[in-house]
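Asker: What follows is each chain in one-letter form.
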Amino acid sequence: MTKEEQLIIINDAISQTKNNLKPLGFNLVFWGVLINFMSLFHYFFPEIVQFSYYSSVIYWVSIPLLGMVYTTYYNIKSGTKIGYETQLDRVIRIIWAIFGLSWILKVGISLLYNVTPTQDILFLLGAVLLMTGLIIKFRWITFGGTGLLIFTVYTYYNPTLNLLLVNAIGITFGMLIPGLSLYFLKKHE
Amino acid sequence: MNKEIEKLLFNPIRLKTVSFLMTVETCNFKALLEVTGSSKGNLSVQLKKLNEAGLIKIDKYFQKSYPTTDYSITNEGKNSFEDFFKQLHYLKNE
Chain E
7 MTKEEQLIII NDAISQTKNN LKPLGFNLVF WGVLINFMSL FHYFFPEIVQ FSYYSSVIYW
67 VSIPLLGMVY TTYYNIKSGT KIGYETQLDR VIRIIWAIFG LSWILKVGIS LLYNVTPTQD
127 ILFLLGAVLL MTGLIIKFRW ITFGGTGLLI FTVYTYYNPT LNLLLVNAIG ITFGMLIPGL
187 SLYFLKKHE
Chain V
13 MNKEIEKLLF NPIRLKTVSF LMTVETCNFK ALLEVTGSSK GNLSVQLKKL NEAGLIKIDK
73 YFQKSYPTTD YSITNEGKNS FEDFFKQLHY LKNE
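These protein sequences, in sequence, are chains E and V.
Position in the first sequence (first residue = 1) + 6 = my numbering.
Position in the second sequence (first residue = 1) + 12 = my numbering.
Hints in this document: simulated from the structure, not taken from any laboratory.
A couple of the hints might just be wrong.
Chain V residues, not near chain E, derived (Cβ > 10 Å throughout) [stated by the list, open to error]:
no., residue
1, 15
2, 16
3, 57
4, 60
5, 71
6, 80
7, 88
From the structure, some residues in chain E lie toward chain V, with a derived Cβ separation under 7 Å [stated by the list, open to error]:
no., residue
8, 12
9, 19
10, 22
11, 89
Calculated Cβ distances over 10 Å to all of chain V for the following chain E residues [to be verified]:
no., residue
12, 7
13, 42
14, 47
15, 76
16, 88
17, 103
18, 106
19, 108
20, 144
From the three backbone atoms N, C-alpha and C, an ideal C-beta is built for every residue, glycine too.
Please put together the full structure from these sequences, using the hints given.
Answerer: Given below as structure tokens:
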């Protein structure tokens, strides 16, 4: 084997590595659809969600927890199917895992002090989306994260806004639309 | 450059494996089969040799009751590959 042949082998092997962003797109779409559906269902049918003192708490904790279980299963399955993890994939996985843990903490603290966590979670989500967009160099997620951050800051100054609609609007533009554009992206190396 | 490493990376399957592992954090056997285009038996033998030389790390564990193996490059492997690559470029340009 000549030196040139060795260099070609190295080049070919390296060029086979691709960053796997489709699972991230799926995660964003899944959560975008789930949270939107939950927000709008709560908005249009409050008598069902709030039929007792704890029912809305159970509604907003149990369904997202089930969602977390499902997306964790999906991510493990897609990771096994792809067969490898790049450094970028690892960074994104860590960032979103920490977001998940922060979400659980925030919801726990809010229940303890009887306050609504919506705006704080949206703010955190905006920051994580912005980081993700900048790291993977995908402008729609960067725009979505920036928009969500600005929108959340705006809602802090307008306490009369309905937080369920705020949730639906923020999630649609910050998560669902950028997630769809990432999911249907044909190639992202 | 270490002659042992040079000899080890002279094999195309081993060179492809180490080159690919340089670009990823971890990788499973199936992905390495696709990258190298090798047979299962041959790849297993080459991976064992790379592991014995300290260039790659092999992690075996169970996932949903199925035995799974992850491969990653060691720090020694990274340094050796970088030296090998520099030397290759130097010799090519000579």
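Asker: Work down the list of hints and note, for each, if the structure agrees.
Answerer: Hint by hint, here is what the structure shows:
1. 15: holds, 15 Å
2. 16: holds, 16 Å
3. 57: holds, 18 Å
4. 60: holds, 19 Å
5. 71: holds, 13 Å
6. 80: violated, 8 Å
7. 88: holds, 18 Å
8. 12: Holds - the Cβ of residue 12 of chain E comes within 7 Å of chain V, reaching about 6 Å at its closest.
9. 19: With a minimum Cβ separation of about 4 Å from chain V (threshold 7 Å), the hint on residue 19 of chain E holds.
10. 22: The hint holds - residue 22 of chain E has a Cβ within 7 Å of chain V, the shortest such distance being about 5 Å.
11. 89: Because about 3 Å separates residue 89 of chain E from the closest Cβ in chain V, which is inside the 7 Å limit, the hint holds.
12. 7: At about 6 Å from chain V, residue 7 of chain E fails to clear the 10 Å cut-off, so the statement is violated.
13. 42: holds, 32 Å
14. 47: Fine: 33 Å to the nearest Cβ keeps residue 47 of chain E off the interface.
15. 76: Given that every Cβ of chain V is farther than 10 Å from that of residue 76 of chain E, nearest at about 15 Å, it holds.
16. 88: violated, 7 Å
17. 103: holds, 15 Å
18. 106: holds, 20 Å
19. 108: holds, 23 Å
20. 144: holds, 20 Å
Hints 6, 12, 16 from the earlier list are contradicted by this structure; the remaining hints agree with it.
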